[in-house]
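As you go down the protein sequences, you meet chains U, Z and B in turn. For the first sequence, counting from 1, position 160 maps to 160 in the working numbering; every step adds exactly one. Numbers given in the working numbering equal positions in the second sequence, counted from 1, plus 1000. Numbers given in the working numbering equal positions in the third sequence, counted from 1, plus 2000.
None of these hints come from the bench; they were simulated from the model. The C-beta atom is built at its ideal place from N, Cα and C for all residues, glycine as well. One or more hints might be untrue.
Unchecked claim - Interface residues of chain Z toward chain U, partial, derived using beta-carbon atoms under 10 Å:
#1 D1317
#2 P1318
#3 Y1406
#4 E1436
#5 N1437
#6 R1552
Claimed, not checked - Using C-beta positions, here's what the derived DEER-type ranges look like:
#7 Y2133/B x D1522/Z: 46 to 52 Å
#8 L206/U x P1051/Z: 22 to 28 Å
#9 R2136/B x E1472/Z: 57 to 63 Å
#10 E31/U x Q1453/Z: 14 to 20 Å
#11 K214/U x A1507/Z: 48 to 54 Å
#12 E278/U x D1423/Z: 48 to 54 Å
#13 T2113/B x L206/U: 56 to 62 Å
#14 A2085/B x G3/U: 14 to 20 Å
#15 D1052/Z x T2113/B: 32 to 38 Å
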Amino acid sequence: MTGLDRLLREVHAGNPRSVARAITLVEDGLEQGTAILASLDRQRLARALVVGITGPVGAGKSTLTGRLVRFFLDQGERLGIVAVDPSSPFSGGALLGDRVRMMTQATDDRVLIRSMATRGRLGGLCTAAGAAVRIMAAAGYRLILVETVGVGQSEWDVARLADITLVVLAPGFGDDIQAMKAGLLEVADLLVINKADLPGARKLLLELQGMAEKDVLETSAVRDEGIGRLGQRILELEQELRRTNRLEEGRRQARESEALDWLLERLREPLARLVREEGAAGCDPRITAERLLERIGALG
Amino acid sequence: MTEDRKTAHPAVISWEENELAAALARFPERRPRFIRHGGEEIPRLALPDHPDDRYLESVGFPGRFPFTRGVQPTMYRGRLWTMRQYAGFSTAAATNERFRFLLDQGQTGLSVAFDLPTQIGYDSDDPLALGEVGRVGVAIDTLADMEILFANIPLDRISTSMTINAPAMILLAMYVVVAEKQGVKASRLRGTIQNDILKEYVARGTYIFPPGPSLRLITDIFRWCAAEAPRFNTISISGYHIREAGSTAAQEVAFTLANGLAYVQTALDAGLDLDRFAPRLAFFFSASSDLLEEVAKFRAARRLWARLMRERFNPADPRSMMLRFHTQTGGSTLTAQQIDNNIVRVTIQALAAVLGGTQSLHTNSRDEALSLPAEDSVRTALRTQQIIAHESGVAETVDPLAGSYYVEQLTDTIEEEARGLIDEIDGQGGVVSCIENGFIASRIGEAAYTYQQEIEQGERIIVGVNSYQAEEATHLSLHRIDPAVEEEQKARLAEVKAGRDQARVRAVLAALDRAARAESEDLMEPVLAAVRAYASVGEICGVLRRVFGEYRERQW
Amino acid sequence: MRQRYRVLIGKPGLDGHDRGARFIARALRDAGFEVIYTGIRRTPEEIAAAAVQEDVAAVGLSSMSGAHLRLFPAVAEALARAGAADIPILGGGIIPDEDRPLLEQAGISGIYTPGTPVDTIVQAFREACERHYRGRQ
């Protein structure tokens, strides 16, 4: 048995070290990573549920995630969590601190947390996030939560990857819903008002109910309130999506989108080299691009 | 009194006839006259010949708003600052012995440090306490330990400062009960509990519960002490740890005062009378090595606090606007290399604190970077204060650096910067929000990072560390806690637990649980009852943990 | 795609003085590492579980309150139990010279006390990670 076969077997056996290793292989763009992805248990992937959690900084996402984990564990689930933080544009390094609020649960072997850095990708998730999710699913972590920091355009990435997207808000974040980022409310399958015990929660609830034709739920992660309701709603929504085939449709779109991302990522270096070789001196960049497209097209 | 009353400014005369006269009536200055070696009299307060409006408004007089020059009209001419050195080792018995040594050496107040399990609400037999019992301070599990700690120390005659935060209510309750057993009523107790949970979340790390319930505990302490122990300081709003975590001087002022304002607001929301608890608020700052910046920082802090209190709460009693503080010389400035250099550092820092008008002072020992200090190092640290007090002359006149162009400018700048930060915190919803969203922690972290990088790059010189090194072996050694200490402590705890009225303990813990769940019930009385029944710190905190939950930090 | 060195920085035990650990975490980030910072008040089991799940190439532990003799080896043991004895451990903080041999025996491969230039520490992590990744091939 090759090393790769052994790794695959251990991933499917749910060995956390092997799962972690496999994710690293994909993240680092190594061949073995791709080989592993090709051999993942498809049934487990189909059975899994991916829940995205996004929203503005300070809404209490990490704490809420921690509470949801506990709820789902009580329901008998095994959980994977992918927590994504931005890489420094200067050094390429990253500080990944999301797991802090969930660490006591991570010693439960039904939970596996992976922190990932965006590694230059601007969309809020890293390219390998989807792969990480699939590897976790194949390892038997049926429910996978993907959590991101919620700045920039990150909510779109999450919404594409996840079957169900939660947008977590909290009262007191600029009182004006109109000031809220365009798109944030659109991507949500469920809107969550966390810190619902604070003043302004009622107002926010009414505003959201008025604007969006979506479920709005209230929680207080710190006080452990509303979590059960939220968890149940997620599971109900999952059933609806499966029944109506929307889950599979959503995944098809996600797969296409991710394939495009990988393609763009792999092409970036070679294309950059072409641009350099073409020499940009004195030429309008638009023209440089057109010229290169012709050359590439000419190659068939 | 001024020599020529005809030409003295009316404000000066008014100050002399009011604040100063009242202070002198309460207690006279230490000497009838303060005379220099050549025979000339040392002025109580050096003043500009013609104080202008700007002077009167911003600099003013000690004991008069905005208190830039000090909170007390005669300052150290009336009473020297309290010389208060920490002590706290391993067992209550050993600490008791060190206390009695220090009291004999002329120390005027006691200061208690607790071990980490006690500070975080775990008993000495808890698995998480393994290896930590008695390490950084004394282990207190039950009232029995507290009784040993203060054996033969008359609690009505000394003042005790306890560095305890999250479980402060429990330790205070124990102190009160020990006094009770000595026949000393709570109304006679003097001292301080640090009890400042907000800074724990961003700088010191010994929190237990989330901010909301923690503020509730603090409010209950305020209320109880205002009624039963009015001479006890119920909070020491701390900037020291914020500075030690790497903040700038202006940030130290800003975040400390912001926390202070939050406590004031919490107390008011709970229905307390501003002028009854505000005068008892005390602060705690660091004294770092930039002498002039530190002096300016202390003056700026006093002035800013007074102004903010007036603007936001408008107290009737001027004492509600006085920023009284304890200072500790900055531990993080001390080096493990060439430790005698630390004596010099501490001297400069102590001088800064005195020139800045501190009410009490702890000076670090030279070996502080290495371990819990040895007895002779502790003595030298105390002597440092005594030499400043009696030989340097700076205590013979009030706020001597007032009027220095540089110091006044720096005072203004720090005040302005601090005020700006406080406004920013308000804009984000207050300190609790800024704790939870990481604003305060990230500012401190950036300042710490910058500072350390400056040292690494050689832009900031630390003598003996990145320059002027000596060929010496740096011996980091630790005060080794005898592992027997942990065993003894656990044994004592077991003994106390076995000898208790178990039914009573169960009953008091159940009552505490009920009171904690009922959101508006007082918790001090249930905790007192629990303590009297010899319930342990871990048991009491266990109940509260289950009701309040535990806080988990947000990172960056 | 370029590989990034992933490391974990954590503080075992009850001590909350994390200024030094935070500084090292930031310095490593600025040197291009992906740093999983696990915060204060961690048990050895939590640190080991995190190191395994995050597939780090090195673990950095900090102790300022003297609990290193018990806690650093406890982390090494927890890593071994989790099948990750091959992850190098670097230790920092207030650690007296006479404790070094014991810690080294327990599996701590480098000890860095206050006053050590940060570049030295970053380099030590880099080398530890390089060795570890080479060992994987």
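Results for each hint:
1. D1317: Since chain U brings no Cβ nearer than about 31 Å to D1317/Z, farther than 10 Å, the hint is violated.
2. P1318: violated, 33 Å
3. Y1406: Given a least distance of 37 Å, the restraint on Y1406/Z is violated.
4. E1436: With a closest approach of 7 Å, the E1436/Z hint holds.
5. N1437: holds, 4 Å
6. R1552: Hint holds; R1552/Z Cβ to chain U Cβ min 5 Å, cut 10 Å.
7. Y2133/B x D1522/Z: 46 to 52 Å: Distance hint for Y2133/B, D1522/Z is violated at roughly 59 Å.
8. L206/U x P1051/Z: 22 to 28 Å: This hint is violated: roughly 58 Å between Cβ atoms.
9. R2136/B x E1472/Z: 57 to 63 Å: violated, 42 Å
10. E31/U x Q1453/Z: 14 to 20 Å: Once the Cβ atoms are compared, 40 Å apart, the range 14 to 20 Å for Q1453/Z and E31/U is violated.
11. K214/U x A1507/Z: 48 to 54 Å: holds, 50 Å
12. E278/U x D1423/Z: 48 to 54 Å: Hint holds: Cβ distance 53 Å, inside 48 to 54 Å.
13. T2113/B x L206/U: 56 to 62 Å: holds, 58 Å
14. A2085/B x G3/U: 14 to 20 Å: holds, 19 Å
15. D1052/Z x T2113/B: 32 to 38 Å: violated, 54 Å
Violation of the numbered hints given earlier is confined to hints 1, 2, 3, 7, 8, 9, 10, 15; the remaining hints are satisfied by the structure.
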